Amino acid sequence: MKILHTADWHLGKRLERFSRLEEQREVLEEICGIAEQEAVDAVIIAGDIYDTFNPASEAVELFYKTVKRLADEGRRAVVAIAGNHDSPDRFAAPEPLAREC
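Per my numbering, the very first residue in the sequence shown carries number 16; after that it's consecutive.
All the given hints hold, so there is nothing to weed out.
Below, computed lysine-lysine pairings styled on DSBU-like, alpha-carbon distance capped at 35 Å: (1) Lys17 x Lys80; (2) Lys17 x Lys28; (3) Lys83 x Lys17; (4) Lys28 x Lys83; (5) Lys80 x Lys28.
It is worth saying that the hints were derived from the structure and are not from the lab. Computed from a predicted structure; not experimentally measured.
Whole structure, please, built from the sequences with the hints as guidance.
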């Protein structure tokens, strides 16, 4: 079994007044590419997915689009764990929907 372990994405982090979302998007593209090239069976995202408890909608959208791609239409398990920068409730809320997909 191949597992890709990643963490500390800090989506939504800004450098003073400058957004880093485009850089973050590029890194997540790279992570998705690795998962696909290496044919990993599961992905673990071990916390600090967002940079704050209340991330911008763009950061949340980027996270869900990335998880959808990583899940490969349900063929690959993706486990995300809240870190100290994340709100555990934010990850628990969509669980019923995720279980159906």
